[in-house]
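K.L.:
What follows is the residue order along each chain.
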Amino acid sequence: MARRSAVALLHEPSREPSRDEAEIPSAALRLAEALLFGAPAPLSAAALAARLPPGSDVEALMAELARFYAPRGIGLVRVAGAYAFRTAPDLAPALRGEAPEPRKLSRAALETLAIVAYHQPVTRAEIEEIRGVSTSKGSLDLLLETGWVRLRGRRRTPGRPVTYGTTPAFLDHFGLDAVADLPGLDELKGLGLIEGRLPAGFRVPQPSDDPALRADEDPLPEADDAGPA
Amino acid sequence: MARRSAVALLHEPSREPSRDEAEIPSAALRLAEALLFGAPAPLSAAALAARLPPGSDVEALMAELARFYAPRGIGLVRVAGAYAFRTAPDLAPALRGEAPEPRKLSRAALETLAIVAYHQPVTRAEIEEIRGVSTSKGSLDLLLETGWVRLRGRRRTPGRPVTYGTTPAFLDHFGLDAVADLPGLDELKGLGLIEGRLPAGFRVPQPSDDPALRADEDPLPEADDAGPA
Amino acid sequence: MAQPVAFDEGAPDAEAEPAFTVDVDGFEGPLDLLLALARRQKVDLARISILALVEQYLAFIEEARRLRLELAADYLVMAAWLAYLKSRLLLPEPPRGPEPAADDLVGALALRLRRLGAIRAAAAMLEGRARLGRDVFARGAVPGLDTAPGRGAAAETRPGPGPFAGTIHDLLAAYAGQRRRGARAPVSLAPRAVWSVVEARAALERMIGPRDDWTALDVYLAPYLADPGRRATVRASALSAILELAREGRVALRQERPFARISVRGLEG
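Protein chains in written order, with the UniProt record's numbering: chain A, 1 to 229; chain B, 1 to 229; chain C, 1 to 269.
Hints listed in this document are in silico derivations from the structure and should not be mistaken for laboratory results. Treat the hints with care, since some could be wrong.
As the list claims (entries may be wrong) - For lysine to aspartate or glutamate, the following EDC-like pairs were computed, each having C-alpha atoms within a straight-line distance of at most 16 Å:
#1 B:Lys104 to C:Glu127
#2 C:Lys86 to C:Glu99
#3 A:Lys104 to C:Asp170
#4 C:Lys86 to C:Glu70
Everything numeric in this text was worked out from a predicted model, so none of it was measured.
Work out the full structure, taking the sequences as your base and the hints as a guide.
P.N.:
This is the structure we're talking about:
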């Protein structure tokens, strides 16, 4: 059945006999190889046997694979009674030093970030009003830590709350030229992200991250985070 | 100092000469193999070169790896301009086993995806014009969510509509090295259905996912993963 | 999984007739219907007879109306346009007119049909490719092989501190989602802040010393009157509390005339 696939293998299996003839792997061996490669965790002999053609000698296949891969950059190892491919241990120093996996933002943090982007300059109370829940200080702290959100200034209202805005790093990360390029209401609708009847007067603001302070913003004291004012 | 690791290789590399002598891989080849195996995403030639010993011929190493793996259960493929190991396509039925088929794209979504791929950069109005229906909202949203389609920029026409294009993940998913490798693209071009005289002042250029914006596009997103400028 | 795409036709109850089946339900708009009709001519799309196609379309629409099927407006718009095109094709070409030539209209329609047909074919070719996650698999990504719980890939890669990830789609979806929720949220009134009599009494007892001379009550209340929204509750509760203190002989009160300011003096007590 296996229809001839269009995937572009760099080198199609050559069907002519070659000096490697003796090495052409059996169907069971190829499948075992693919299963071990594709498994998210080491596979036990029983798990392998369940997916291989009936009557396959798992031990023999594993021994053959191990021998075949022995000189190579990846090898077959047996861990906790199961089999897995691993990079060869002697390559570890050359392989280490990978950057850690990027951390995904929580939904709360992502929503908070989106509000800061669209509604900046915005205070924490305003973010909470839009989200309808109190924003944990953690979300904002995390966003400050990402370097995508910054303290802009203080709103000239009682309590003088801090205003938040986005940074150039935010634009970089999300591939935006300017926050003004964030889609407006019509485009959000066009994308199918906002559907249904909206109340009259529902607006999506035209965002701006102009660093110049607004008329109702005061500058932050120079020393806001550098010791006593 | 490659300290001897505790991982037990099933079969230690034998140091005696054997009939496989000719196949003993070079250090660079072993490292390239391990890098490709360990990478969470396809590696570009540049990314490989940065981790391989200076002066390594990446193209030659890749060709050698491709040849070596051609008959096996996993193979080297070139997708989105980068290299990755993938299971051999003919093993798909045996590998899928009883796992449910991944979610199928609706016909509308698939058509929308094809239009974006072949006509990119393309606006929503142009997609609707080609399909002759005005309901591609959910489709576009779904395609953005899959990560195969991205916002590219804005067309420099009245209303400044957002332009859409495909992503490297699209190429990876469909096993393509570049959009120029889209199936049937030559035929479509030959029939004048991609370029050429089109009705109603319609301008559909040759598809390209080149992150560089067209003359009639204004920046919105550059490549989603573009680094800091 | 819900069908993510809404079809814009609304005629689910098409009656099937053996000879001539009218069923708009399977079509995605008039262009799709035209393409299907064109395919029935069983010739290369480049050589279809547009006139025959127009007549088939109009007959289809006529039949649908006879059966009282509800047709989406764009089918009727297309029908009107095709009827106009038919008249242009049948009548001799006017010597010169502001409208484009009938041949150009035919060419444009044929091209649109061919283009849609080509995209259909391209979509089918894409669909048929060996696809990642369906036909080929990346390392660790074959489904149904997670046989050793607790030792999955997640357990082996430690999520450490590092850079943060997020896509523009995540961002837009998060924003749109919450604005949409917010737009539908019921109106709720914030509870009014009230300064209770108990709070007022405690504050006044703290402030008014036994030897204080006559002092305007508002002076004591000044810190509480700063917030305009609370002035009424502060005044009312303070008056109740101070009257109670006067009744207990803790303070003396003085007011020169109605609505004049009230002065307070602490009494030894």
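K.L.:
Now, for every hint given, state plainly whether the structure supports it.
P.N.:
Hint-by-hint comparison with the structure:
With a C-alpha separation of about 10 Å, the suggested pair B:Lys104 and C:Glu127 falls inside the 16 Å cut-off, and the hint holds. This hinted pair checks out: C:Lys86 and C:Glu99 have alpha carbons roughly 14 Å apart, not beyond 16 Å. This hinted pair checks out: A:Lys104 and C:Asp170 have alpha carbons roughly 10 Å apart, not beyond 16 Å. Between the alpha carbons of C:Lys86 and C:Glu70 the distance comes to roughly 24 Å, so the proposed pair goes past 16 Å and is violated.
In terms of the numbered hints stated before, the structure departs from hint 4 and from no other.
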